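According to numbering that gives the first Met the number 0, the stretch in the sequence shown is residues 0 to 149, in order.
If you are wondering where the hints come from, they were derived from the structure by calculation, not from laboratory data.
Only a predicted model underlies this, so the values are computations on that prediction, with no experimental measurement involved.
Virtual Cβ for every residue (Gly too), placed ideally from N, Cα, C.
Keep in mind that the hints are not guaranteed to be accurate.
[Unchecked claim] The calculated label-pair distances, taken between Cβ atoms and stated as ranges, are: (1) L68 <-> E107: 28 to 38 Å; (2) D18 <-> K108: 12 to 22 Å; (3) Q92 <-> R46: 18 to 28 Å; (4) E13 <-> Q128: 17 to 27 Å; (5) E19 <-> K126: 29 to 39 Å; (6) E107 <-> G129: 15 to 25 Å; (7) E19 <-> Q128: 11 to 21 Å; (8) M33 <-> G98: 21 to 31 Å; (9) K126 <-> S34: 14 to 24 Å.
[Unchecked claim] The calculated EDC-like cross-link candidates involving lysine to aspartate or glutamate, where the alpha carbons are at most 16 Å apart (straight line), are: (10) K85 <-> E67; (11) K44 <-> E67; (12) K40 <-> E67; (13) K109 <-> D89; (14) K126 <-> E107; (15) K85 <-> E19; (16) K109 <-> E96; (17) K125 <-> E67; (18) K44 <-> D102.
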Amino acid sequence: MGQVKVFRALYTFEPRTPDELYFEEGDIIYITDMSDTNWWKGTCKGRTGLIPSNYDIVEMLFTQPNIELNQQNKLGDTALHAAAWKGYADIVQLLLEKGARTDLRNNEKKLALDMATNAACASLLKKKQGTDAVRSLSNAEDYLDDEDSD
């Protein structure tokens, strides 16, 4: 199997046949086969299907030089906030691997962890925040006594 390319849908795509893949604006799509010049094979939300290669729906992520993973929208949400809120643990993992920050708060003062809608996303974010906290506060245990810790 070739390299998987990651895209974000710019528009909702309504399939015309059962073998086409439905996705909504903002969804993350994994393209696994681009060998056909007219149709790409992709996966979105656990479903696999075909996407017309000429349909102006996707932009490639993570391969762009100088991509800003931590860009915030008008609500202050980052891609990590959105992935956690939608419950996409695989996307949360990918964003964390690419260096997405877990300490950014949206306009409602919420972290991506606060937005997590499932245990898998929350666990990944807690684990990442824990390693970041250990790096920046390596002597934290010196400041806490047993009564203050959980």
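Checking one constraint from the list: CA of K109 to CA of D89, max 16 Å. Satisfied? violated (21 Å)
The hint says 18 to 28 Å between Q92 and R46; measuring C-beta to C-beta, is that right? Distance hint for Q92, R46 holds at roughly 19 Å.
Given hint E67 paired with K125 - CA-CA distance at most 16 Å: violated (22 Å)
Are the Cα positions of K109 and E96 separated by 16 Å at most? violated (21 Å)
Please test the hint of 21 to 31 Å on the beta carbon pair from M33 and G98. Given about 26 Å between the Cβ atoms, the range holds.
Given hint E67 paired with K44 - CA-CA distance at most 16 Å: violated (24 Å)
Is the hinted range of 12 to 22 Å satisfied by the C-beta distance from D18 to K108? violated (45 Å)
Is the straight-line distance between the alpha-carbon of K126 and that of E107 16 Å or less? Judged against 16 Å, a Cα distance of about 23 Å means the pair is violated.
CB of E107 to CB of G129, is that within 15 to 25 Å? holds (23 Å)
Within a Cα-Cα threshold of 16 Å, do K44 and D102 meet the stated pairing? Not satisfied, since the Cα-Cα distance of roughly 26 Å exceeds 16 Å.
Straight-line Cα separation of K85 and E19 no greater than 16 Å? Between K85 and E19 the Cα gap is close to 22 Å, so the pair fails against 16 Å, i.e. violated.
14 to 24 Å was suggested as the range; check whether the CB atoms of K126 and S34 agree with it. violated (37 Å)
Checked against the numbered hints above, the structure breaks hints 1, 2, 4, 7, 9, 10, 11, 12, 13, 14, 15, 16, 17 and 18 and satisfies the rest.
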